[in-house]
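*Asks:* Single-letter residue listing:
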Amino acid sequence: MSICAVPVEHGMKAFIYNPENSPAHRLNPVTKIISLSVVFTVSMLFNHPLYLGCLIALVACLGTVSRSLPAMWKIKYLLLILFLFPTCLWSIYMDGTPVLLHWGPLQISSRGLNYGIAMGFRLTGMLMAGLILLATTRVEDFTAGLNRLGIPYRMSFSLTLAFRLVPLFYDTFQTVVQAQQSRGFILNTGNILQKIRRTLPVLIPVFVSGIRRTDQLAVALESKGFGYRRERTRLHPIRFSRSDRLLLSAAVLFLCVCIILRLTGQGKL
Amino acid sequence: MRDVILMWKETRMVVLTAVTAAIYAATVMPLKVATIIPGFTEIRPGVAFVVFCSFLFGPAAAWGAAFGNLIADFFGTLGLGSIFGFAGNFLFGLIPYKAYRILAGEIRFSGSTRSWFGAISAILLASMTCGFTIGWGVDLLGFVPFHILGSVITINNAILAGIIVPVLLKILYERTRKWGLLYQEILQPEDTAPGLMPMPGLVLTAVGATGGLSLGFLTGFGFLTISVATPVLLLPFIACTVLGTILL
Numbered sequence: 003m004s005i006c007a008v009p010v011e012h013g014m015k016a017f018i019y020n021p022e023n024s025p026a027h028r029l030n031p032v033t034k035i036i037s038l039s040v041v042f043t044v045s046m047l048f049n050h051p052l053y054l055g056c057l058i059a060l061v062a063c064l065g066t067v068s069r070s071l072p073a074m075w076k077i078k079y080l081l082l083i084l085f086l087f088p089t090c091l092w093s094i095y096m097d098g099t100p101v102l103l104h105w106g107p108l109q110i111s112s113r114g115l116n117y118g119i120a121m122g123f124r125l126t127g128m129l130m131a132g133l134i135l136l137a138t139t140r141v142e143d144f145t146a147g148l149n150r151l152g153i154p155y156r157m158s159f160s161l162t163l164a165f166r167l168v169p170l171f172y173d174t175f176q177t178v179v180q181a182q183q184s185r186g187f188i189l190n191t192g193n194i195l196q197k198i199r200r201t202l203p204v205l206i207p208v209f210v211s212g213i214r215r216t217d218q219l220a221v222a223l224e225s226k227g228f229g230y231r232r233e234r235t236r237l238h239p240i241r242f243s244r245s246d247r248l249l250l251s252a253a254v255l256f257l258c259v260c261i262i263l264r265l266t267g268q269g270k271l
Numbered sequence: 021m022r023d024v025i026l027m028w029k030e031t032r033m034v035v036l037t038a039v040t041a042a043i044y045a046a047t048v049m050p051l052k053v054a055t056i057i058p059g060f061t062e063i064r065p066g067v068a069f070v071v072f073c074s075f076l077f078g079p080a081a082a083w084g085a086a087f088g089n090l091i092a093d094f095f096g097t098l099g100l101g102s103i104f105g106f107a108g109n110f111l112f113g114l115i116p117y118k119a120y121r122i123l124a125g126e127i128r129f130s131g132s133t134r135s136w137f138g139a140i141s142a143i144l145l146a147s148m149t150c151g152f153t154i155g156w157g158v159d160l161l162g163f164v165p166f167h168i169l170g171s172v173i174t175i176n177n178a179i180l181a182g183i184i185v186p187v188l189l190k191i192l193y194e195r196t197r198k199w200g201l202l203y204q205e206i207l208q209p210e211d212t213a214p215g216l217m218p219m220p221g222l223v224l225t226a227v228g229a230t231g232g233l234s235l236g237f238l239t240g241f242g243f244l245t246i247s248v249a250t251p252v253l254l255l256p257f258i259a260c261t262v263l264g265t266i267l268l
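These protein sequence lines are chains A and B, in that order. Residue 46 in our numbering sits at position 44 of the first sequence, and the numbers go up by one each step. Residue 114 in our numbering sits at position 94 of the second sequence, and the numbers go up by one each step.
What the hints contain is simulated information worked out from the structure, not anything from laboratory work. Any given hint could turn out to be false.
[Unchecked claim] Calculated from the model, a selection of chain B residues having no Cβ within reach of chain A, i.e. all distances over 10 Å: (1) W136; (2) F137; (3) V172; (4) I183; (5) T212; (6) V248; (7) I266; (8) L267.
[Claimed, not checked] Distance condition first, Cα-Cα at most 16 Å in a straight line; then the derived EDC-like pairs of lysine to aspartate or glutamate: (9) B:K198 to A:D217; (10) B:K29 to B:E205; (11) A:K197 to B:E62; (12) B:K29 to A:E224; (13) B:K29 to A:D143.
The C-beta atom is built at its ideal place from N, Cα and C for all residues, glycine as well.
Starting from the given sequences, assemble the full structure and let the hints guide the process.
*Replies:* Below you can see the structure in the form of structure tokens.
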């Protein structure tokens, strides 16, 4: 099973999209974007570690159904760091009682620790939900979904084009670095200021190479009728299926239950 | 702010937005000098591209910076924080060319002493606004306290852009002008006209960003005790910054 979104012929394989045929892959991108927004909203409603822990468990179940766990596994260390960082930071920064640990000017309270864990869960849960979207949705479908949600066509097209150009410019970047290395250039040496200065001989050719394509790209687009008509037809029209309606109903119901829980004082530290 | 909307009718501006976003995303990730806050912010010289492109491509660079940040989030860190990353980077690309016009008193970069003063001041203001917006948003979401992320992003952006952008301007500005890719040459003059009240807008943006950062740092680092949550305390400054940017 491979994990890639950008064409393999370009050397960059860092996007998260996982070409599978799970139920989540077959959903309308609009449904997935709205469901993601529901997860984000719910995670903002609560600040209790138990409730946010349950939300993470739910997201992990969705990850299993959508076969996105390999994508999550791919960035496991990043997820771990992103959980630990807010946990440690808020534990130290937030005052409260009872004090669990006292070390010089630093103290960790039970309230601070609970809040820190909750914030760690909130951030990790959001990222995991985002990963499911990324692992199950092609860039073109994502931007088509944004377009359907009211983002103007030219804007969503520009975003799609940017996604397509990233591997191209990344390859240019690699070529420039290798060419300069063959002349004895070492990118990552010296102190921070020297390292910053050393990036200039790389940044300039990448920039020049990039903007020289601008006119060619603009002419190519206009010769294919870009911006000729306001009404547009689609090569791959996106439709709402029964599964989309079911998932959206479940998401709205879940959101309502969470709002009621929150209004009755649940899920708060 | 008319130019931010009207630029979309020009195909070359659409392409320049995509090119800026792609170069930003393609260089910001591999060119990492050091990590400051794991997963949140690193010293990445690629951020200087945003400010440099702002002087050249104007509104296309603002959208390009926002899209580039979103694309970088597509490598695994897409979350609610991406909205504030989008907004912060948009302002980071928008403010330099808008502020430069007022501070330097010219549209094109000429290389005079006043134009250098305008460029450096615009870089500082853009860095502060970006750090303030993202720091406020991330604190609002509860991920990282404002004073930690706000200070790191502001200093990081200001130093990197302050070192790299002047060199890029000196080497590449004239070349890009000769290729006819400056936003003033692509857009119609009426589309690039300044906003409703540029000078009051600049003052409001500066007051919002500097005031918000200062108050956030004073309370965050314990020099001032106010029993109000930081995001609520800084809300008037955010409103001030947004209003100022609209008027620019």
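*Asks:* It remains to establish, for every hint, whether it holds in the given structure.
*Replies:* Status of the hints after comparison with the structure:
{"no.": "1", "hint": "W136", "verdict": "holds (18 Å)"}
{"no.": "2", "hint": "F137", "verdict": "holds (23 Å)"}
{"no.": "3", "hint": "V172", "verdict": "holds (12 Å)"}
{"no.": "4", "hint": "I183", "verdict": "violated (6 Å)"}
{"no.": "5", "hint": "T212", "verdict": "holds (18 Å)"}
{"no.": "6", "hint": "V248", "verdict": "holds (15 Å)"}
{"no.": "7", "hint": "I266", "verdict": "holds (19 Å)"}
{"no.": "8", "hint": "L267", "verdict": "holds (23 Å)"}
{"no.": "9", "hint": "B:K198 to A:D217", "verdict": "holds (13 Å)"}
{"no.": "10", "hint": "B:K29 to B:E205", "verdict": "holds (14 Å)"}
{"no.": "11", "hint": "A:K197 to B:E62", "verdict": "holds (13 Å)"}
{"no.": "12", "hint": "B:K29 to A:E224", "verdict": "holds (12 Å)"}
{"no.": "13", "hint": "B:K29 to A:D143", "verdict": "violated (23 Å)"}
Hint compliance for this structure: hints 4, 13 are broken, all remaining hints hold.
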